[in-house]
Each structure stands twice: as C-alpha cells, then as structure tokens.
Amino acid sequence: MKDTLRRVLAPIASLKLTVALLAMSMFLVFAGTWAQLDRGIWTVLEQYFRTWWTVIPLGIFLPRDWNVHGAIPFPGGWTIGGLMLVNLLAAHTIRFRWTKDRIGIFLIHFSLIMLLVGEFATGLFAVESRMTIDEGQTVNYAEDVRSVELAIVDVTDPSQNRVIAIPQRALEHKKTISHPDLPFTIQVDRFLPNADLVSDENAGPSALHGNRGAAVSAGVAALPKAVARGVGRDEADMPVAQITLKDGVTDLGTYLTALWFTFMPSRGTQIVDVGGHRYELWLRFVRHYKPYSMQLVDFKHDKYLGTETPKNFSSLVRLIDPEKNLDHEVLIWMNNPLRHRGETFYQASFKKGDMGTVLQVVRNPAWLLPYVACTIGALGMSIHFGQNLLRFLRRQRKTAAHAAHPHPAREPGRPAVAGAGAPHAARRVR
Amino acid sequence: MRTALPLAAPGFALLAVLWLGGCNQDDIKSYEAPKDSAPAASAPMGGGMMTGNATPPSLPHWTAPSGWEELPGSGMRYATFLPEPPDTSLAVRVTPLGMMANDPLSNANRWAGQIGLPPMDEAGLAKVSHKIPVGDSEGLIIDLLGNAEEGQVADRILAAIVEGGDRVWFLMLPGPKDRVQKHAKGFEDLVKSIRFHGATGMPMGHPDISGVGDGMGAPADGGMGSMGGGMAGSAGGAGEHFTYTAPAGWKEVPSDVQFRDLTLQAGSAEVTVTKFPGSVGGLLMNVNRWRGQVGLSPVQDLSQQPLTDRKVAGGAAQRLDLVGSDGKAMAVVIVPRGALTWFLKISGSAEELKAQGESFDRFVDSAGFTE
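Residue numbers (this note's numbering), protein chains in the order written: chain A, 1 to 430; chain B, 431 to 801.
For reference, chain B alone in the conformation it holds in the complex (with noise of 0.2 angstroms):
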C-alpha cells in the first residue's frame, strides 16, 4: 500500500522544529542600545530622561508683548503664549530640542508640507526667512503661507529658531493667515527679547529639560501629552499639569517632595497639590492615614466621615474635612485624573484653617490641568 507516509514526516518534523524553538522565550538578553533621544516614547508624562548633564542649561528670559498671556510649559513644551487670550487656538508654542535638530532646512520643508507646500531647497527658504537679532547673537524666522482652497482662509506658520544655551529654541505661531498677521510683529517683539541666562529655576510645572536634546527634528507642536492608545489606552490624564490662581497672600515655596507638585504657604498653614498613580490604596486608606496625621484613630467604613462631593475642573472631586483633637486641622479635595489622584490639601491649625477657608476654595474652584 502506497501511504502518504512523504507529506507526513516533514509535518512531523516541522512539528517537532516549532516545539523546540518555542522554549526559549523566557532568555535574559543583553545587548547594546543607543542611548534614549527622549523619555520612553510610551511615557505619558512629559520629563527628560536624567543622562548625567549635571549643568543646568541656559534658559531664555524674555519680554511678552502687550496683552499676551504666558501660560507655564508642559512635556517638551517650554512655554505657551496667547496672543488673544483666554483664546487658546491661537497660540506660540517655545520648545527646546538638541543642536542636531538645528537645521533650518529639513524644518521649513516640514512646517512647509504641513500646510500644503512643495518642499523648498536653499534658495526657496532664503525667500521665506529673514535673520533678526537676539541679544548678541541673531535667529533666524520663517514665514510660511500656505495654499488657500476655494471659499478657506490660507494657513500660516510663523517661526523662529534661536540658538541659547547648548540648545536650539523654536517659536511657533500656526493659524489663519489673518490672524498670524495681527500678531506677526509681536511674534518678532517676543524673539527679539530674548535673553539667556543661568538656570535660575524652571517655570513651574515644567519637567527637566536636561537630558532633552537629542532629537533629530523640532517638534511641529513640542507638547508631549498623555500617549492616547498607547498601553491599552489606558494612562489618559497621566500627561496634565496643575494649574491655578493663587489667592491673595499665598506664597509659593519650593519644595523637594517627590510626587509633590506644588507648595504654598497660606499664613501659617501649608497648601500642597500631589499626585500619584492609581487609587492610591483607596479612599479608606487616605482618610485613616489623614486622621492619623491630626490625631484621630482610624475608622473601619466611611460612612460617618465627612465626605462632600464636588466638581474640580469640571470633573468629579470629593472633600474632606478634618479636625483633631489636638487643635490641628485639614481639608483635602481629592481629584481622580484618568489613570492619576490628584490630592489638594490644606493644613495647620484649626483656627487658620478657618480663616484660610474661603481662599482653599478660591483656589480649589481655579484649579485646572492641562495638557
């Protein structure tokens, strides 16, 4: 009898093949990597990864013009004006990157394609770009008006880059072509008046830029949010920064406190702003570990504990209040972000928490989070 015995015994081993080369999945491996050019590019917070520049860089200083607003930096992006504020469509982005991204070209024939152009060679962008000067030195700035289609405002992307302290600086106005114009001398304003100087500390909020840098091109927009689908979609919100009006005769005191984001001195009461992944061991948790901090004994449930629902930010938020024993006091507004805990706390005496109550919520009611 003639079997199939010829199809068979390649299948066999075929079989036999894929069985052994499975079994080496869990090997430890070794091998060389370039170094990191950014934060891991899943990360959702913004933050350079620390490579051992142990001096701080130079940072630009500048002069906005009249009627524009300095929003603070978040992720790559150094800072953000608004011309027309609170209107944030319209807006210059500042981000730092390394000397590799410093090439005018490659960036202009970028900025060009965004808004429709045909990329440009060195003659093309010398018709584009004028030189200005910049304290001791000179930028260089970009003007690019895209292609209008029928019955549309053409776009425009007003640039600059400017080299200061061992990095290469790009400014960026995107928007209708009218609406840049407006605003197009107070964009060169702006350039003009920059000045760098030792790191004298960054705008709060702002991750630290120095292991940024090696980049091999500026970013069309340098924010670095939250990465959206990226880990199962799951780290929305992880990317926002805290932002708020202080009430009058708050004072903001630095503070080394990891995962702490902001400390204020209200009289004689401390204000702080945290945040942490996840729930944070669950509310249960947090309200024993406050109570033991102005002396109370822990509880089993919550059901007696002064809980309050509020909005903050427009989300859902749940306030505290908290009074010892012993004459100390606290109130905390807990604010769950995506996959973060927001914590803003007050704390001190009962008496100046009394008198600090209307400025928390003053400042409990401004707070926000940005991207």
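The following block holds chain A by itself, in its conformation from the complex (with noise of 0.2 angstroms):
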C-alpha cells in the first residue's frame, strides 16, 4: 500500500516540479505587473491569478504602440498554487522524515501551507463591498460595486420586501432562469457588460431595446461599449441586461434593466404585476445585507492648516445591533478600522462636500491566516537557523579546544587524530 502511495506521489513530489513551479510563478507575477498598465488590479487579479488558467497577450511586454499581437496561455495563479500546495504536501508524505532536528523545516513548510490555503481561501470566500452612509443615514446594507446582480423584488408587503438577486455570472452564462420565489421564468436575451444608454430614435441595428419599462418610458436603447480598463479614474462599466420575462408561455414583455437606472430610481423603477404581487426590477450592485446597522453621524475631513492636503478623514458612526445587544457610537479612521462580526469597516472614501461618508467593508474567513502563517514561518526560520548556529557554535568550540591543546593526552589504546571536529581526517589517519 505504502510503496503504492509512493509510486503514485513521488513524480508530483518531484523537486523538479517544485522549482518549475516557483519559475512559473514568478512569471505569472512578472506578467500581472505589466498588465497593470492597461487594467485595474482588480480585473488582473481575476485574470490572472484567481483563475485556473489565463492567456497572457505578448503585447503586455512591449511598448504599447508597437502593436504586438498574439499571445500564450499560461496557468494561472490558482493551478500554479494548487499544484505547489500538492507538490509540497506529497513531498512531505513521502520524503521528509518527522525528527527533532527538522522541526524548522517543517514549520516553514506549514507556514508555506497556511499562505497558500489562505489566498485560495481569500480568493474564494473573502468579500469586499462598501457601504456609502450620509450624515444622520442608517444603512444596513454594503455592497460589492465590482458586480451586479438582477434583483426582482417583491414589494408587495408593506412591512419588507422579498428579493430574488440572480448573480452576474448566471446573468452572462444562463439564457433561462427560474425560482421557485418567482411566480415567471427570465429569459437573459443579452447581457452587456458595459453600455452607453441612447435614445432609441436613430439608435442603430446593434442596440438593445425593451418593449415595457422604463426602457420605453424614457425612450431608451442600449448600445454595446467597451469593457472599462479600469485604470482611468472616470471609467466605470455601466452593464445592461436585456430580459423577457414569461409566465408559462405568456410573454409578459422584454426589459431593458440598466445599473443606470438604479442611480436614477423615480425614472428608473421597472413595475411587473404577477398573481397579485408586485416586482420591481433593479440590475444593481450585489448588496449583502447586514443584520446591524450604521448610522453617520458625523463625517470629518481635517486639512493641514491653510491648506488644501487632506490631515485625516474620519466617520462617527453609530452601530446598531440589537441581536447583540449593541447600540454605540464608534469611531473609524484612517488605518483604524471597526471590527465587527468578523467584518472589518475601513474609511476608504467620503462623498462630495463631505456629506458622506463611503466605508469598505471587508469579509474575509481567513485573514488570520498569513499573520500565523508568518509568525509560524518565523519561528520555524528561528529553530532551523538557530539549530544551525549551535552546531556551528559547537564546532568552533572544539576546533579551538584543539588548536590550544593540538596533542591531548592519548588515552591508552586511541589512535592519535588529527584535530578534534575533523573525523574524516581521523579516518584517514587510522
């Protein structure tokens, strides 16, 4: 069984593979830097290194109008750091030996461990989103401006609503989408990922229209556009998604739903009446909603005196949580963030004439980890080297033990040696 397992981990524990790993890591590295030039680190990080496999254009290297075309498809971050985890832990399976002298190693190696089971579990479960509040506002809601989601929202008790948020991505991969919370089935006739809204007059072959809603209403079409780069401070992706919504086989009218339309909501609001509800339809932000809420009340913005150059940026906020019986005021600022219920609220931005106040809000189930990782990596660093140091230690001890004293007494019987630590010599000798 053992020599199995052996025949099967020992070319996944191969050393070879380990630094071919580490090669192709840092040029993975190497690769997202430059890209950088062009995207946002965001839509790098998801390109290149939280995915399984990318495609690397050659241009990315070179001067921007030489033009350079083609490109390699390369793994990406997670393949190479999932094979790294394995090639480390067959490693250990099959060669390394569990001895007193090796403790460092392996505490190196664990931490090694936790950073690579950290980033994928960050990558996997970690949510940033933000939470814009104006001064005397409670919001009980962050959300993610990096994507949307369809959310149909049943508005039909006076008390709460009920929604249905359908991600981006089953938005950009599913063409027909049921609930079993929805009384109709949506249709995604087409999703844009970025759209410039026209009138529809004049507005072109290539242009997404809807037959009800606000599309109608306010005499609107959308037109396909460029994904933003995401390196500009103005340029953002406006998505749009073209649906038909059907209750069984009756067609009750295609709509054009527009994260435009949520910052313009008196215009903006799409009414479908089904079996005595009433939905309303957003393409919007994900919002994840919070069980406390926040309150601003007061957001600060400090200069330098005389000058302009903001000093500190800081939100009074009051946190409300009745489940855990909280109700107080709580400063954030700058580099002092809140932490609460495993979520951390940064001040990442404030809204024109300080009115406001935007906090990032960051979940992530593993952001102990690289600290342990690192003290753990630290500690395993401090064993190896200190073991290191002492054998050193110990053999210049000797080897000066015996330059004071090169001709000890023999003891009857011993053959003569050469100098103490030198037992090869000694060998030679004998």
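Among the clues, some could well be false.
Once the Cα atoms are required to be at most 30 angstroms apart in a straight line, the calculated DSBU-like pairs of lysine-lysine come out as [as the list claims (entries may be wrong)]:
{"id": "1", "chain 1": "A", "residue 1": "K290", "chain 2": "A", "residue 2": "K324"}
{"id": "2", "chain 1": "A", "residue 1": "K324", "chain 2": "B", "residue 2": "K741"}
{"id": "3", "chain 1": "A", "residue 1": "K300", "chain 2": "B", "residue 2": "K557"}
Just so you know, the hints here were simulated from the structure itself, not pulled from any lab data.
Using the supplied hints, reconstruct the complex from the two chains, each of which is provided in its own coordinate frame.
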C-alpha cells in the first residue's frame, strides 16, 4: 500500500516540479504586473491570479504602440498555487522524515502551506464591499461595486421586501432562469457588461431595446460599449441586461434593466404585476444585507492648516446591533478600522462636499492566516537557523579547544587524531 | 520510514473542502430585506424610490426675508436660502425627513457634537431651544453655540424643526457665530412664515420626495451629492442639477419626457435641457440623429460639420448649428459633465432661431450645474 502511494506521489513530489512551479509563478507575477498598465488591479487579479487558466498577451511586455499581437496560454494563479500545495504535501508524505532536527523545516513548510491555503480561501470566500452613508442616514447593507445582480424585488408586503437576487455570472452564462419564489421565468436575451444608454431614435441595429418598462417610457436603448480598463478615474462599467419575462407561455414583456436606472430611481423603476404580487426589476450592485445597521453621526475631513491637503478622514458612526444588544458610537478613521461580526470597516472615501462617508467593508474568514503563517514561518526559521548556529558554534568551540591543545594526552589504546571535529581526517589517519 | 503523512493528509482534505466550498458562488439567493429607507446608498443622483405613496405630500411655502435668495433644491435638500447672496458659504438648508426623525434631543446632540459640545439631556435641550408659532402649529428652534479655540470665532448652529405634511422639516443655518447672529431674526421670520399646502409641484430640479422618510435622523447637511469614491470613483458629476437664467419672454413649460430636465418656450421655438448617462452613443451618432430631425441626411464623419468649441459653466463644450432643407433649424450645445452628458437644445424654424439667437447664447452663458 505504502509502495503504491510512493509510486503515485513520487512524480508529484518532484523537486524539479517545485523549481518549475516557482519559475512559473515568478513569470505570472511579472506578467500580472505589466498587465496593470492597461487593466485595473481587480481585473488583473481575476484574469491572471484567481483563475485556473489564463492567456497572456505578448503585447503587455512591449511598448503599446508596437501593436504586437499574439498571446500564450498559461496556468493561472490557482493552478500554480494549487500544484505547489500538492507538490509540497506530496513531498512531505513520501520524502520528509519527522525528526527533532527538522522541526524548523517543518514549521517553515507548514507556514507556506498556510499562506497558500489562506490565499485560496481569500479568493473563494472573501467579500469586499462598500457601505455608503449620508450624515444622519442609517444603512443596513453594503454593496459590491465590482459586480451586479438582477434583483427581482417583491414589494407587495408593506412591511418588508422579498428579494430574489440573480448574480452577474448567471446573467452572463444562463439563457433561462427560474426560481421557486418567482412566478415567471427570466429569459436573458443579452447581457452587456458595459453599455451606453442612448435615445432609441436612430439607435442603430446593434442596440438593445425593451418593449415594456423604463426603456420605453424613457425612450432609450442600450448600445454595447468596450469594457472599462479600470485604470482611469472616470471609467466604470455600466452593465445592461435585456430580459424577457415569461409566465408559462405568456410573454410578460421584454425589459431593459440597466445599472444606470438605480441612479435615477424615480425614473428607472420597472414594475411587473403578476399573480397579485408587485415586483420591481433592478440591475444593481450586489447587496449584502447585515443583521445590524450603521448611522453616520458625523464625517470629518481635516486638512492641514491653510492648505487643501487632507490630514485625516474620520467617520463617527452609531453601530446598532439588536442581536448583540449593541447601540454605541464608534470612530473609524484612516488605519483604524472597526471590526464587528468578522467584518472590518475601513475609512475608504467620502461623498462630495463631505456630506457622507464611504466605508470599505471586508469579510475575510482567512484574514488571520497570513499573520499566523508568518509567525510560524519566523519561528521555524529561528529554530532551523538557531540549530545550525548552535552546531556551528559547537564545532568552533571544539576547533578552538583542539587548537589550544594540539596533542592531548592519548588514551591508552586510542589512535592519534589530526584534530577535533575532523573525523574524516581521523579516519584517514587511522 | 516515518513520513509526514499525518501533516499532509489534513492538508489534502482542506484543499478538497475549499474547492467544494467555492463551487456555489453562482447561486440565486432569495431573502427578505427591509424596505429601502432612502435611495440606493451609492446612488449619485438624488431622488426617492417610489414606494407606492400615491398621495403627494403637503409642501411648505414661505416668505424669504428681504435680501435673501432662494435656490432650488437638490438631492434630499428641498431648498437652500442664501442670507448674503451670492455668497454660498452661509446658507439655510431645508431638508424633509420621515416622522421617525422627529427626535429633537438626538438631533440636537448630534449637531452639538459637530461643533464640539458635549451631549445634553432634556433639561439641557430646554435651555438651548424655544418654541415659535408656525401657522396653526408650532416649531422648535435650537440654538447651539460651540466653544471657540483661541484666536478663532466660535461656530453656531441655528436649527428649526417643523412638522408638516406627514414629514418633519429641518432648517439649519450653521456658521461662524457673528455671521449667524446677523441673520438669526431672518431665520426665525422664515420659519414663522412656513405654511403647508397640498403639493402643487416640486421646485424646479427637485426630485420626487415621496419615498423619503424612514431615515432615523436628520442630515447635518441634507445634500445627497454624488458618491465621490463610490462605484470606483467614476460617477462624478452625476448628482448635478441644472441652473439657468431665462431670457425675457421665455417661459418654462411642463414636460413629462423622461431624462429631460427642462423645457422652455422661446417664441415658437422650443428649448430643452436633457441629460443622459455616458457618451450617449458618441458624437457622430447624435449629430446624425439631429440632422435627421431637421431633414438632413446622415454623414460619415464630423470633419465638415459646423461644430464649434465653447465653454459652459467653466467646462469644455461643443455647439452644433443645423439648418435643414425644409426650413427647420436647431442649435445644440453638448456639455460633458463627469459621467453625464447634458444637451442644451433649441429647435424651431430657421427664422425663429435667428430671432432667438442672442437669447439662446445668454441662456447658455447663464447655465450652471450645482450639486
């Protein structure tokens, strides 16, 4: 059994594979760094690192005006990181022996495993969102401004809404969407990751239209637009989804849902009445509702005296968490985040005129892993190099002792040696 | 041989769990959520979400003190008064909120905190507040004086809380104490003059407020500007409202055309102000659309088009003048402002546009964009 395991794991545990993977990871980081000339950091992160496979355009390594075409397929960060993890675990399974002298090496490798697993868990489970609060306003949700969802909001109940949220990936990949809480199916005719809304007069053949809802009342159509590069300040994608609702075989209409409509709610509200229920259709930033709420009591934007140079941004918020019986004020300012319920709230930005604050809300179940991993790694290196240092010092001491007494009294029957700490020489003499 | 299998096995297992755990990222979620208390938090535009409130609320009417200037509202701010026009550094801000926000003590404490005063209790509030008659009802004036740091003038907040039309209205005059003192009587006169009538229409440029009202507290500054750093910092300018001075003889007319902010009648010509998100399909497409509207055929490029550069409200803009074969004419000024493009357009007969030419120039010169 053990022999079979060794046979299977031996190629995976290869040191050559380790070196190859390290070289590939360095190249991927190199490519990802150059790619950030043209793409925002989040795009690069998704396209190069948090993916199993990527395609690296050759042009990213060269001046852009050379217009070099061509690309090479390459394993993504998850593939390389995953293989590194498997390689390391396989090596430990078949090669490394568990001895006292190797405890430092084990700790160092364990810290590497934790770092790899930590990044994997971060990529899968971490959620970054923004909570935008006006002074005096109370907010109980954060928004992920990097992706949208189609929210079908049942507003029939006057006390609360029921939301059926369809993620962007489903809009991109699925043709028909149904859900037990929806009395109709949604046919995604087309999803545009970025679009302009234009007057539907002369909008051209490539434009998307609706035959019901805001697109009709506003007289607009959507024109596809190149996805924003993410490196300019005024660039943002404004997705549009053209959907057709069907109640069985009955066509309930084709609607244009656009992120832009959420910025003009009084004009962009689209209502569908089905089966005695009223539904609103919103293509909006992904919302994460919280079991607590935050009220912005005061936002401060301090500047250095006599200048417009910012000195400090701070938000005094009232944290109201009925489940935890909390209702108190907390000051969040630069580099002094609030941690609550596994989430961290950073002072990220503010609204024009200092009228509100923007908090970055980060939930990362793996946030502690890098800290623990680095501590364990440091401990492992201390032990490993400490052991080596002690061995070296012991040898030095013996060398010094022999140098001071080159001809120690020979024990009866013991041969002479060339020097302490030189057993090979002794053997040679012998 | 003793290997590190005990260490490696949990590692393999963890990898498998993580892999499987990450496979449900595309699931459709269904959950209950509270009603929105305000427009989407990241919305750069003002405007309340329609929540089925079919009856327009009663709105305040007032008489501004002599010398004061009233400005149209924007975002959640219903109106602004400048006691020393055109100086905008001192302003009375009028903001409506839901009745839940009618908590004088917590609002007073929040305002007190803003000028460095410690929290107060009911007795403390009684010392800094007094009631004044407002029509058949009464309002509460709260007068807070901050502590001055050495060599600086203390800040003062003069605020009024008035109930009316199923909402609570906040009027705030914050500023240096001497400047606020100069206008304290005018502020009280303004509050006393408030009367609530049925809605006859919102001020020009003001968004629908029928959905506003479940906020827990009054805003320190009722503005609901663009989101600044939100949405990757890209929606700058989207919260702006158009201001203008109408030339003599021009008349604002109601219009329910979506995305249109303003319609004016200039003789027989029509003047419209419209805003659209983004570049609206590009200049060539728009030029061809306008050419079509005056009976001209489309063009392939803009090189021969009568486009001229000009400034509007300090920013770059372009003007296009078109005269069609059938006597129709049009002049359009295209003003890109952040994430929005504004169109100031006059259309009508060629004779009328010639007659209104100078007026349209003055109108464009007077154009402004306020938060």
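**OP:** Would you mind confirming whether the straight-line C-alpha gap from A:K324 to B:K741 stays at or under 30 angstroms?
**Re:** Violated. A:K324 to B:K741 sits at ~56 angstroms, over the 30 angstroms cutoff.
Subject >> Given hint B:K557 paired with A:K300 - CA-CA distance at most 30 angstroms >> reply: holds, 27 angstroms
Subject >> Given pair status - A:K324, A:K290, alpha carbons within 30 angstroms >> reply: At roughly 13 angstroms apart (the allowed maximum being 30 angstroms), A:K324 and A:K290 satisfy the hint.
Checked against the numbered hints above, the structure breaks only hint 2 and satisfies the rest.
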